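Participant: Protein sequence lines, in the order shown, are assigned to chains A and B.
Residue 1660 in this note's numbering sits at position 175 of the first sequence, with consecutive numbering throughout.
Residue 326 in this note's numbering sits at position 17 of the second sequence, with consecutive numbering throughout.
If you are wondering where the hints come from, they were derived from the structure by calculation, not from laboratory data.
Honestly, I wouldn't trust all of these hints.
To be verified - In silico EDC-like cross-links for lysine to aspartate or glutamate, where the CA-CA straight-line distance does not exceed 20 Å:
(1) A:1573 - B:526
(2) B:619 - A:1610
(3) B:619 - A:1548
(4) B:318 - A:1610
(5) B:619 - A:1568
(6) A:1543 - B:526
(7) A:1543 - B:525
(8) B:390 - B:472
(9) B:318 - A:1570
Said to hold, decoys possible - Some but not every residue of chain A turned toward chain B, in silico, with C-beta under 10 Å:
(10) 1548
(11) 1574
(12) 1582
(13) 1588
(14) 1599
(15) 1600
(16) 1603
(17) 1605
(18) 1606
(19) 1607
(20) 1621
(21) 1647
(22) 1648
(23) 1651
What the hints assert, rightly or not - Distance ranges between label pairs, derived from CB positions:
(24) A:1494 - B:319: 31 to 39 Å
(25) B:318 - A:1512: 41 to 49 Å
(26) A:1565 - B:604: 37 to 45 Å
(27) A:1633 - B:514: 24 to 32 Å
Fair warning: this is a prediction, and the values are worked out from it, not measured in the lab.
We treat Cβ as the ideally placed atom computed from N, Cα and C, and that holds for glycine.
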Amino acid sequence: MYSKFAIIVLMILLDRVSKVYNKNSTEAAISRISLHVEPKEFVIVVGQSGAGKSTLFKLLTREEKPTSGKIIVGGIDYENLKDKDIPKLRRKIGVVFQDFKLLPNKTVFENVAFALEIVGVSNREIKHTVPKVLSIVGLKSKEDRYPRELSGGERQRVAIARAIVRQPKILIADEPTGNLDPKHAWDVIRVLERINKFGTTVMLTTHNQEIVNKLKRRVITIKDGKIVSDKANASYEV
Amino acid sequence: MSRQTRGRKFTTIMRIFKTGFINFFRNFSLSVAATAVMVVTLTIVLFFVIANATFNHSIQEINDKINVSVYLKDNISEDKKEGLMQDLRSLSNVKELKYVSKEDALKQYREDNKDNLELLLAVSQTDNPLPATIQIKPKDPSRNEEIKTVLERSDIKELQSDETSYSGDRKEAIDKISTATTFFKKAVFVSVVVFAFISMLIIFNTIQMAIFNRRDELRIMRLLGASTWFIRGPFIVETMFYGVVSAVLSIVICNALFVVQEQAFDSSTLGLLDITYANQYFADNFFIFFGMQLLFGMSIGAISALIATKRFLRFSNKSHILWRKRQQTL
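Using the sequences and the hints given, assemble the complete structure.
Facilitator: Structure (structure tokens):
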């Protein structure tokens, strides 16, 4: 149905994807969503709580399986993905969560290093790579701090550093500014923009109107599990 | 496999071991409980093996002492004696034959009773009342019927001066000991199984607790793309380490008990429970025992960890989200 060309060229491809959590009801969290994201794109997904943003996110990280439809991310067709290969998929995608998901008993450096440790990167390489990434997110000076000693914005930047340290082609951020005040939210968004400039595809979900309006990027609006608009250089309209 | 992949595999294995050791000390109180019950199990196993060998040794020793003594009349010709020896030698249950002449019997008697003047005076060189004897050592003392039948034959019977001695009372004692040791073996086997089961249950719970305590961390690992073995491995290393510590402790305990015993009392009077032999046996096979304990302890640990991680980490097909169900119930 899709040529190999499309699969390789597109970073994210969703074709009529639906997700129904409760099999007995017909209420779908997401129904027949189709979208394409090209490499190096910066996409914002907006929508109110319960619109289906988080479900979309979970489908992309393969925390959930779609009820129907096709998902291809970075050339990997989720339909053919075996359980034991899920770790390999996740290594190709950088993920950032609203609640940071940092390990409280590890320092900033160790939290970022952790992403490399689990894939078997040598300590020497870790010592070399982690400080570089921390300077990208502006936290080079705080690498020995623990997450509890940082502000929310700083924590989220640690999480971003962790997500990009393996140089994924795609970064998916689920409400990364959701818990942050405006100033820190902007710090985080600036970092995401910088990463995007380096060539990483960024997909961001948010319901922060101000950020969406100022960024002037492609905006996909989801309402009741359906895409209601998909515009370039768009602003927030729900 | 490329050099880089190999390098990464090696690094990963080292990290799995390191994490396992760190977790052992991180869950220290849980680790102690799991290790303690494993020490008990392994010590019981060790005692069982040593006691088993000791009992077998004691029974063997008593068996060796049992023989059938055929007392011969004084006036038997050399031919007839040889003929009788020949007959007996052909029997399947005869392990060894020994002929004790009248002179040797007297010498032995004097040696045995050298402190008893009265008994010594009762015999003299000229008037030797002791008969020549054929001592038969049977292979299996509980099956003496064959030998008995031959000895009861009339042509052989007439060569004998006295009733044959079969050490009958000893046979009965041996039967009793055999019954007792068989019972003992069964009892110990059952307790080994029970304790092994209990240690597995406790380790199982230890891991469940550890998984529960670290569920956030494990979930994050999962989301960051850690492989199944990178998550399970440390638990298995940790429980195998319980096995190693327990093996060392149980060997030390056993050794200490022998040392204390040696200083506390003389064991030579204990009869069936030949502690001196047990001690020797333990010392001779020390490394075999240590290896056995290590193997047994590590197996108990690894098996329980494998089951527990399979059960509680839910790597199964249906839910990729770790502990979705558990998080709701826990």
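Participant: Compare the structure with each hint and give your call.
Facilitator: Hints, verified against the model:
1. A:1573 - B:526: holds (19 Å)
2. B:619 - A:1610: This hinted pair is violated, its Cα atoms lying about 32 Å apart.
3. B:619 - A:1548: holds (19 Å)
4. B:318 - A:1610: With a Cα-Cα distance of about 15 Å, the restraint between residue 318 of chain B and residue 1610 of chain A holds, given a limit of 20 Å.
5. B:619 - A:1568: Holds, at about 14 Å.
6. A:1543 - B:526: Holds, because 18 Å separates the two Cα atoms, which is no more than 20 Å.
7. A:1543 - B:525: Holds - the C-alpha atoms of residue 525 of chain B and residue 1543 of chain A are around 17 Å apart, at most 20 Å.
8. B:390 - B:472: Given pair residue 390 of chain B, residue 472 of chain B holds - Cα atoms ~17 Å apart, limit 20 Å.
9. B:318 - A:1570: With Cα atoms ~16 Å apart, residue 318 of chain B and residue 1570 of chain A stay inside 20 Å; holds.
10. 1548: Given a least distance of 5 Å, the restraint on residue 1548 of chain A holds.
11. 1574: holds (7 Å)
12. 1582: holds (8 Å)
13. 1588: holds (6 Å)
14. 1599: The hint holds - residue 1599 of chain A has a Cβ within 10 Å of chain B, the shortest such distance being about 7 Å.
15. 1600: For residue 1600 of chain A, the interface hint holds, since the closest Cβ of chain B sits about 5 Å away, which is under 10 Å.
16. 1603: Where the cut-off is 10 Å and the nearest Cβ of chain B is about 4 Å from residue 1603 of chain A, the hint holds.
17. 1605: holds (3 Å)
18. 1606: Hint on residue 1606 of chain A: holds, closest Cβ of chain B at ~7 Å, below 10 Å.
19. 1607: holds (5 Å)
20. 1621: violated (18 Å)
21. 1647: For residue 1647 of chain A, the interface hint holds, since the closest Cβ of chain B sits about 7 Å away, which is under 10 Å.
22. 1648: holds (9 Å)
23. 1651: Status holds, d = 8 Å.
24. A:1494 - B:319: 31 to 39 Å: The hinted range 31 to 39 Å holds for residue 1494 of chain A and residue 319 of chain B, with Cβ atoms some 37 Å apart.
25. B:318 - A:1512: 41 to 49 Å: holds (46 Å)
26. A:1565 - B:604: 37 to 45 Å: For residue 604 of chain B against residue 1565 of chain A, whose Cβ atoms are near 42 Å apart, the range 37 to 45 Å holds.
27. A:1633 - B:514: 24 to 32 Å: Once the Cβ atoms are compared, 31 Å apart, the range 24 to 32 Å for residue 514 of chain B and residue 1633 of chain A holds.
Hint check: violations occur at hints 2, 20; the rest are consistent with the structure.
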